[in-house]
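2 protein chains.
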Amino acid sequence: MDNFVCYNPTKVVFGKGTIKELATLTPKGKILLIYGGGSIKKNGVYTQVMETLKGSEVFEFSGIEANPHYETCMRCVKYIKEKGITFLLAVGGGSVIDATKFIASAVYFEGANPWDILEKRGRNITKAMPFASVLTLPATGSEMDRAAVITKWVTKEKRDMSSDLCYPVFSILDPETTYTLPQRQITNGIVDSFTHVMEQYLTYPVRNQIADRFAESILISLIEEADNVASNPHDYDTRANLMWCATLALNGLIACGVPQDWSTHMIGHELTALHGLDHGVTLSIVLPGTMNVMRDEKGDKILQYGQRVFGIIEGSKEQRITQAIEKTQEFFHKIGSPIYLSEVGLDQSCIAPIVKRMKDRGWALGERGTITPDKVKAILTDRLGK
Amino acid sequence: MDNFVCYNPTKVVFGKGTIKELATLTPKGKILLIYGGGSIKKNGVYTQVMETLKGSEVFEFSGIEANPHYETCMRCVKYIKEKGITFLLAVGGGSVIDATKFIASAVYFEGANPWDILEKRGRNITKAMPFASVLTLPATGSEMDRAAVITKWVTKEKRDMSSDLCYPVFSILDPETTYTLPQRQITNGIVDSFTHVMEQYLTYPVRNQIADRFAESILISLIEEADNVASNPHDYDTRANLMWCATLALNGLIACGVPQDWSTHMIGHELTALHGLDHGVTLSIVLPGTMNVMRDEKGDKILQYGQRVFGIIEGSKEQRITQAIEKTQEFFHKIGSPIYLSEVGLDQSCIAPIVKRMKDRGWALGERGTITPDKVKAILTDRLGK
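In order, the protein sequence lines correspond to chains A and B. Read in order, the letters of the first sequence are residues 115 to 500 in the numbering used here. Read in order, the letters of the second sequence are residues 115 to 500 in the numbering used here.
What the hints contain is simulated information worked out from the structure, not anything from laboratory work. One or more of the hints may lead you astray.
Note that identical chains are pooled: a pair holds if it fits in a single copy or bridges any two copies.
[What the hints assert, rightly or not] Simulated pairs of lysine to aspartate or glutamate, EDC-like, Cα-Cα distance not exceeding 20 Å:
{"id": "1", "residue 1": "LYS130", "residue 2": "ASP351"}
{"id": "2", "residue 1": "LYS130", "residue 2": "ASP116"}
{"id": "3", "residue 1": "LYS142", "residue 2": "GLU411"}
{"id": "4", "residue 1": "LYS270", "residue 2": "GLU233"}
{"id": "5", "residue 1": "LYS134", "residue 2": "ASP116"}
{"id": "6", "residue 1": "LYS197", "residue 2": "ASP351"}
{"id": "7", "residue 1": "LYS241", "residue 2": "GLU165"}
{"id": "8", "residue 1": "LYS491", "residue 2": "GLU338"}
{"id": "9", "residue 1": "LYS491", "residue 2": "ASP414"}
{"id": "10", "residue 1": "LYS441", "residue 2": "ASP341"}
{"id": "11", "residue 1": "LYS168", "residue 2": "GLU411"}
{"id": "12", "residue 1": "LYS130", "residue 2": "ASP278"}
Note that the coordinates shown come from a computational prediction; the quantities given were computed from them, not determined experimentally.
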């Protein structure tokens, strides 16, 4: 087992009717509600939040995009300074919470150019405004982690940052807020959570029983509940399990004492930045390619995954690895997420620009740093489809 | 799934050589080292800690007992006030950390009688001195939870307390410190961890996939590693897995969104208070009795436990429940922990005083409050043995 630090001070308040807890959890001061395109006004969450905060001084900033833009965040920073805001409340999904993390850090950033926060991946954050979240879309885990992903629209660069100063003070997770989500967002959320687990699990064995079994627990639960949510979308327990799975997939727990990969995410980020694909869609396309191209290095863990998650025990080592990859693809396809670039209208021509970006940055990805730009080319080529 | 709050601000620093991190983690001020009977002087941990804290103003208070005494804790409180201590560092196992939690609270207690903290189970704690721990015995989970158990020696009363103010600021877990533990303490620790999980798992189903699978993950890992530690006591990964299992068994994670029992612990506490049995020994004796007497109410979860942890799938419902109880007993016996009162020299005569205590306090235990004093009598009678 590898050495690790386990630390996560976010208080998660989970369950039916928990939005009303905002009344006691939110500190005094000038509160800024940060949200997206207005879906929270349609599903009643906005009204619930505003009712609960009656009596507080509440300001609003809306219009945070999916894959939140640096430019939009900087407009929000300006607004916060103008109004003398003291506490941020993100209401929405991962994009809104990620934006809020960057905004909270950028407000106090003393350098000349706040994009530097993303260039340095958050290591230069020295202070952040306290913030909390009301989660309405289970997917990114941002509600209980220290990371964010921000896109500079003008140059189409998507970068991540993280800092111990970027944990939400609290996050409210009411599974009932997810009943009205469109199927596409549910599917994206399941793929995102599943891939978060795989990035921390599918590396090489270090005899960490707990990290492995916890990871497999989340994978199995996601597969089971994905079936349930399709057949019975208003089942509370199904929604609750999916929501809690998404949080646990990326709150640091299953990362304790194991190596991590994240190459599928890094490659996927480029597909989103250059072609505007949904984050979840990029992951279901790239992950099976990463598994196939890295099948030797990752073989031991792919075999364990195949056996414990899908019950694959027959055939040669190579056959079982192939079966595990096929089962993963079947799962993504079954829930309606593409597995080939051709399914989203991309072809061979999309590959070279991504490989060039990797080369320009000198990136070597993966748990061993062996996923070179050439390997990225092989992974994307594996994903061309028919 | 039940509603829940998930909150745990303790920073766990886990792995080989992590005691040296004390140098950066410990705040400035007057540090009080709190420890037990001196085993940390034999295994080198005391020297490592003192070396690391060289340059700080360090005081010492030793002599914390197993099942720490209220009277000893109060002597420590007096010492803290005399010396103007500002930070407590518990070095040892659960008893030392539990004592430190009570001491940290009692220092600031404003009522006439600090025993009141235990009478009110910690609800009246309004302030506590910050403290941290260096764990040397994986068992109680105290290094990452908000609870403590203290015994008033003069009246033989064993009581628990808990408070959000009683989380360690940080805890250092170096599995190498556990190599020199006597087998008896290893066994007690495994039984304690196992039973912590069972108290939160073996109730009734609420369709919480994650809590169930995480609990089963810890149970399976404990069973596997108990075998390994017997055959290869100096294997680092085995020690690391046992240590991390013990922490996760009681840090609040697997309690999220499920009912909890704790009757086995409450009955066990009386056996320790009245007869001085090791805590772990009381648990391996009582737990199979709780399972057997409550087999109807707990039937669904006992069946799930039998299937997922021990692979029991054949036979009638009643037969499979019986098999699951037998497998649990076999596991405890195999690692050297007794399962009958007769094995520790107790007989029928020990039962009535415990039942009377339960009656006097008006206690009804268990996840549904259905474990009445009569049921406690039945559980202990089930455990008489030959």
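Against the structure, the hints:
Taking CA atoms no more than 20 Å apart as the test, LYS130 paired with ASP351 passes inside one copy only; the shortest distance there is 11 Å, against 40 Å between copies. In this assembly of identical chains, the alpha carbons of LYS130 and ASP116 lie at most 20 Å apart only when taken from different copies (9 Å versus 38 Å within one copy). Proximity of LYS142 to GLU411 under the C-alpha cut-off of 20 Å is found in neither arrangement, the shortest distances being 53 Å within a copy and 46 Å between copies. For a Cα distance limit of 20 Å, the shortest separation of LYS270 from GLU233 inside one copy, 14 Å, qualifies, whereas the shortest one across copies, 62 Å, does not.
In this assembly of identical chains, the alpha carbons of LYS134 and ASP116 lie at most 20 Å apart only when taken from different copies (17 Å versus 41 Å within one copy). With identical chains, the CA atoms of LYS197 and ASP351 are never at most 20 Å apart, being 41 Å at best within one copy and 54 Å at best between copies. Taking the closest pair of Cα atoms, LYS241 and GLU165 never come within 20 Å of each other, the shortest separation being 31 Å inside a single copy and 33 Å across copies. For the homomeric pair LYS491 and GLU338, neither the shortest alpha-carbon distance inside one copy (33 Å) nor that between copies (42 Å) is at most 20 Å.
Proximity of LYS491 to ASP414 under the C-alpha cut-off of 20 Å is found in neither arrangement, the shortest distances being 24 Å within a copy and 51 Å between copies. For the identical chains of this complex, LYS441 and ASP341 are intra-copy neighbours only, at 15 Å inside a copy versus 33 Å across copies, given an alpha-carbon limit of 20 Å. Proximity of LYS168 to GLU411 under the C-alpha cut-off of 20 Å is found in neither arrangement, the shortest distances being 56 Å within a copy and 45 Å between copies. With identical chains, the CA atoms of LYS130 and ASP278 are never at most 20 Å apart, being 29 Å at best within one copy and 23 Å at best between copies.
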